[in-house]
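Novice: Chains as they are written, first to last, in the numbering used here: chain A, 1 to 220; chain B, 1 to 220; chain C, 1 to 219; chain D, 1 to 219.
The hints are simulated quantities; they were obtained by calculation from the structure and are not laboratory data. One or more of the hints may lead you astray.
[Unchecked claim] Stretch by stretch, here's where chain B covers chain D in the computed footprint (C-beta under 8 Å, at least three residues):
1) 44-57
2) 89-96
[To be verified] BS3-like, lysine-lysine: derived pairs with alpha carbons at most 30 Å apart:
3) K79(C) to K182(A)
4) K130(A) to K140(D)
5) K71(A) to K123(D)
Cβ atoms here follow ideal geometry from the backbone N, Cα and C, with glycine treated the same way.
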Amino acid sequence: MDKVVGIKEAVKDIRDGDTLMIGGFMANGAPEKLIDALIEQGIKDITLISTDTGLVTTGSGKLISRKLVKKLYASHIGTNKETGRQMNEGETDVELVPQGTLAERIRAGGYGLGGFLTETGVGTLVEEGKQKITVDGVEYLLETPLTADYALIHAAKADRNGNLVYEGSTNNFSNVMASAAKVTIVEADEVVENGEINPNFVHTPGVFVNRVVDGGAVNG
Amino acid sequence: MDKVVGIKEAVKDIRDGDTLMIGGFMANGAPEKLIDALIEQGIKDITLISTDTGLVTTGSGKLISRKLVKKLYASHIGTNKETGRQMNEGETDVELVPQGTLAERIRAGGYGLGGFLTETGVGTLVEEGKQKITVDGVEYLLETPLTADYALIHAAKADRNGNLVYEGSTNNFSNVMASAAKVTIVEADEVVENGEINPNFVHTPGVFVNRVVDGGAVNG
Amino acid sequence: MDKHELQEFIAKRVAKELEDGSIVNLGIGLPTKVANYIPDDVEVLFQSENGFVGLGPSQTEETYDPNIVNAGGQPVTIKPGGAFFDSSVSFGIIRGGHVDLTVLGALQVDEKGNIANYMIPGKLVPGMGGAMDLLNGAKKVIVAMQHTAKGNHKILKECNLPLTAQGAVDTIITEMGVIKVTAEGLLLTEINPEFTVEEVQEATEAKLYVDKDLKKMKA
Amino acid sequence: MDKHELQEFIAKRVAKELEDGSIVNLGIGLPTKVANYIPDDVEVLFQSENGFVGLGPSQTEETYDPNIVNAGGQPVTIKPGGAFFDSSVSFGIIRGGHVDLTVLGALQVDEKGNIANYMIPGKLVPGMGGAMDLLNGAKKVIVAMQHTAKGNHKILKECNLPLTAQGAVDTIITEMGVIKVTAEGLLLTEINPEFTVEEVQEATEAKLYVDKDLKKMKA
Chain A
1 MDKVVGIKEA
11 VKDIRDGDTL
21 MIGGFMANGA
31 PEKLIDALIE
41 QGIKDITLIS
51 TDTGLVTTGS
61 GKLISRKLVK
71 KLYASHIGTN
81 KETGRQMNEG
91 ETDVELVPQG
101 TLAERIRAGG
111 YGLGGFLTET
121 GVGTLVEEGK
131 QKITVDGVEY
141 LLETPLTADY
151 ALIHAAKADR
161 NGNLVYEGST
171 NNFSNVMASA
181 AKVTIVEADE
191 VVENGEINPN
201 FVHTPGVFVN
211 RVVDGGAVNG
Chain B
1 MDKVVGIKEA
11 VKDIRDGDTL
21 MIGGFMANGA
31 PEKLIDALIE
41 QGIKDITLIS
51 TDTGLVTTGS
61 GKLISRKLVK
71 KLYASHIGTN
81 KETGRQMNEG
91 ETDVELVPQG
101 TLAERIRAGG
111 YGLGGFLTET
121 GVGTLVEEGK
131 QKITVDGVEY
141 LLETPLTADY
151 ALIHAAKADR
161 NGNLVYEGST
171 NNFSNVMASA
181 AKVTIVEADE
191 VVENGEINPN
201 FVHTPGVFVN
211 RVVDGGAVNG
Chain C
1 MDKHELQEFI
11 AKRVAKELED
21 GSIVNLGIGL
31 PTKVANYIPD
41 DVEVLFQSEN
51 GFVGLGPSQT
61 EETYDPNIVN
71 AGGQPVTIKP
81 GGAFFDSSVS
91 FGIIRGGHVD
101 LTVLGALQVD
111 EKGNIANYMI
121 PGKLVPGMGG
131 AMDLLNGAKK
141 VIVAMQHTAK
151 GNHKILKECN
161 LPLTAQGAVD
171 TIITEMGVIK
181 VTAEGLLLTE
191 INPEFTVEEV
201 QEATEAKLYV
211 DKDLKKMKA
Chain D
1 MDKHELQEFI
11 AKRVAKELED
21 GSIVNLGIGL
31 PTKVANYIPD
41 DVEVLFQSEN
51 GFVGLGPSQT
61 EETYDPNIVN
71 AGGQPVTIKP
81 GGAFFDSSVS
91 FGIIRGGHVD
101 LTVLGALQVD
111 EKGNIANYMI
121 PGKLVPGMGG
131 AMDLLNGAKK
141 VIVAMQHTAK
151 GNHKILKECN
161 LPLTAQGAVD
171 TIITEMGVIK
181 VTAEGLLLTE
191 INPEFTVEEV
201 QEATEAKLYV
211 DKDLKKMKA
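Using the sequences and the accompanying hints, generate a full structural model.
Specialist: Here you go:
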């Protein structure tokens with residue numbers, strides 16, 4: 001199962017209006033080349049799920065700056081002023097989700113759970129429209145799963161089966177996002193043969209990955 | 001923070017009636033030396049959480065064979081005939097939990113969630129006594145967290161901070177159990193200095209671990 | 001056919017259901033034998049619910065490793081390109097629909113696709129292990145089993161043992177034939193030429209509909 | 001004291017709250033400075049919510065690594081004995097009560113321990129990031145901030161900005177003093193000798209109870 005494809009091929013079936021998850025924390029670990037390829041291809045009215053919107057010129061923020069996002073789920077948008085402007089002027093519909101809840105909602109989507117109970121957000125605006133459930137006298141919010149048409153993530157290394165290894169803090173949301181999309185596309189700094197990654201130290205198993213782009217040798 | 005202690009010291013405060021999580025899948029990855037130390041110390045009326053009960057003479061099965069378990073949560077008991085006998089004759093209270101639900105309930109306990117929704121078990125005996133919640137027309141069971149006084153697990157390697165590395169399929173329930181106990185005790189085949197485990201390849205962060213026993217040099 | 005031949009025959013037929021590039025979980029017992037009959041032109045990745053993908057053959061003296069067992073606790077190997085993970089990830093893969101096919105045995109199956117395979121109250125209570133999650137999570141469920149048990153029906157109008165899952169079974173493969181679970185009921189799509197349709201029906205409590213395009217079952 | 005000195009003074013006082021062997025998460029801004037003042041005999045592990053434990057000092061030319069940033073996106077290092085993980089694990093650590101102490105800034109805090117620090121509707125909406133999870137999950141919450149904002153009260157009877165969490169704050173540390181949130185209300189336990197109790201009360205909208213054992217605040 002060789003999942004390695006060219007970068008144009010990797011993103012070519014992404015359509016206007018699709019829901020995308022994009023990895024990276026303030027663009028640390030963001031799939032910059034995949035995002036560029038997507039912008040080059042031309043796409044709009046995206047629903048974006050990304051913990052922050054990077055900076056104006058990095059990470060998923062590049063899609064915001066180009067006004068390609070219709071609806072955004074994020075935990076923090078303070079580092080990209082354009083996101084705040086679009087939100088306040090009603091151009092983009094922004095749902096702020098606590099960071100831990102966001103990670104868990106994505107995991108629930110990928111892991112086949114119907115939702116989970118958390119105390120995070122009780123007594124705040126995050127409650128709005130959500131079911132409250134009391135267990136053993138404690139009140140929780142029922143948070144529901146998030147899924148996407150595509151996940152775009154970055155890894156330090158991938159093998160042909162799509163097993164991934166991350167470096168440092170670049171993993172962040174990538175691992176959970178990989179599980180929660182119909183099609184997960186990885187930009188890997190290095191692509192190696194099956195067997196070259198120690199199976200004990202795979203961060204994201206290839207079962208969650210559909211396409212791998214060799215970011216070190218991007219050619220389209 | 002040096003968490004390395006002798007094996008007798010590691011288990012000495014475990015008391016009759018405590019709730020224990022014990023790792024291992026059919027004893028693969030079970031903390032055999034910690035279990036032996038516990039038996040030697042003398043303890044009874046345990047509530048045991050363990051995916052199976054090993055074999056009669058291995059893993060958590062050793063506690064069953066000695067009739068030290070009052071209540072058991074497990075997904076599979078077929079490989080230890082004594083467990084089935086105790087269950088059928090009413091000697092031990094056994095709650096059968098689907099394996100994926102068991103892993104997730106333990107993770108929920110360790111990760112501070114109030115519960116989660118799963119379709120697993122709908123329309124079966126597993127439903128009994130559980131709240132059913134419908135989200136978007138799909139009926140789910142609300143499964144609640146499991147926690148323990150102590151988790152006893154095995155790792156291939158540990159550093160002094162308690163960061164753990166597993167080999168092969170021995171991880172199974174150990175990683176989630178580590179997060180869900182008040183005190184997590186690890187039997188490691190090898191203990192190394194902080195810095196000797198690559199921080200990119202830690203399977204269980206030391207924040208979840210309280211005590212480490214050097215299984216390669218057990219001395220009490 | 002003796003019991004052994006029978007099981008091999010069923011396993012061979014099940015193996016034809018494996019699609020290239022798919023992720024497959026095989027239950028303990030008969031289903032495990034399916035791995036021996038994968039067609040040469042088909043590449044599948046086997047998932048082992050105790051925590052890895054890329055399950056390989058049993059261990060030999062050269063590949064001895066006490067740290068790797070399958071979901072039956074037997075020493076096995078991992079293939080290049082495989083990956084180990086913990087139980088919560090393993091069942092995330094299963095529950096989340098990332099397993100394309102699971103093959104399991106059963107005590108009983110019924111015409112609604114209900115299945116019972118984890119306990120006989122008061123007698124045998126092995127527990128459900130990962131079966132409930134697999135039945136709910138896998139995209140396709142095949143029950144591979146002998147058609148009857150000591151002359152007793154196993155394919156019923158309605159299961160009377162505690163269910164492992166509701167409406168989860170897609171296909172039943174036995175030594176007598178291949179049966180699909182449909183909204184209308186059980187549809188016999190292939191028949192072992194050693195048996196007549198009447199014989200298969202007699203060995204089945206539930207009513208069998210016969211596919212107008214009924215084929216010969218080949219192992 | 002100018003703003004810089006003020007912040008260092010507060011950070012120094014907060015640092016005394018760090019217990020040996022504890023896991024600590026420091027928010028962005030003023031709280032980050034606390035790391036510079038850890039007493040020599042205290043060993044703490046810092047958690048960075050973007051995915052690691054064992055946060056070390058900023059990078060130098062020798063330790064340059066573009067793959068490691070802190071929760072503020074700044075290049076940092078990891079100490080020996082640290083560990084990286086994904087966001088779901090990171091917030092499992094936080095939500096599950098495995099962080100002993102978190103230090104955060106605030107726009108407003110009130111006498112019930114409510115805190116608002118993530119948005120000013122229609123104006124500034126940075127978002128809550130990990131703050132809601134930290135406030136709910138950490139065993140102890142310290143708010144470290146300047147006592148007032150441009151002369152306006154920040155310690156109120158009741159927050160009027162959207163809350164980040166209900167009843168989550170344990171202690172408030174400002175340049176004027178140390179205030180504990182108790183069931184009876186806000187208790188001033190330490191005071192900066194540069195101020196009188198009356199001055200502190202005047203700078204605080206909520207009623208302050210004064211500890212009968214009121215101590216001098218030392219940085």
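Novice: Residue count check for the region 44-57 of chain D against chain B: does it reach three with CB-CB under 8 Å?
Specialist: As far as the region 44-57 of chain D goes, the hint holds, because 5 residues have Cβ atoms under 8 Å from chain B.
Novice: With a cut-off of 8 Å between beta carbons, are at least three residues of the region 89-96 of chain D near chain B?
Specialist: holds (count 7)
Novice: With the threshold set at 30 Å, check whether the alpha-carbon distance from K79(C) to K182(A) stays at or below it.
Specialist: 26 Å, holds
Novice: Please verify whether K71(A) and K123(D) have alpha carbons no more than 30 Å apart.
Specialist: The hint holds at about 19 Å.
Novice: Holds or violated: are the alpha carbons of K130(A) and K140(D) at most 30 Å from each other?
Specialist: Holds, because 27 Å separates the two Cα atoms, which is no more than 30 Å.
Of the numbered hints stated above, none is contradicted by the structure.
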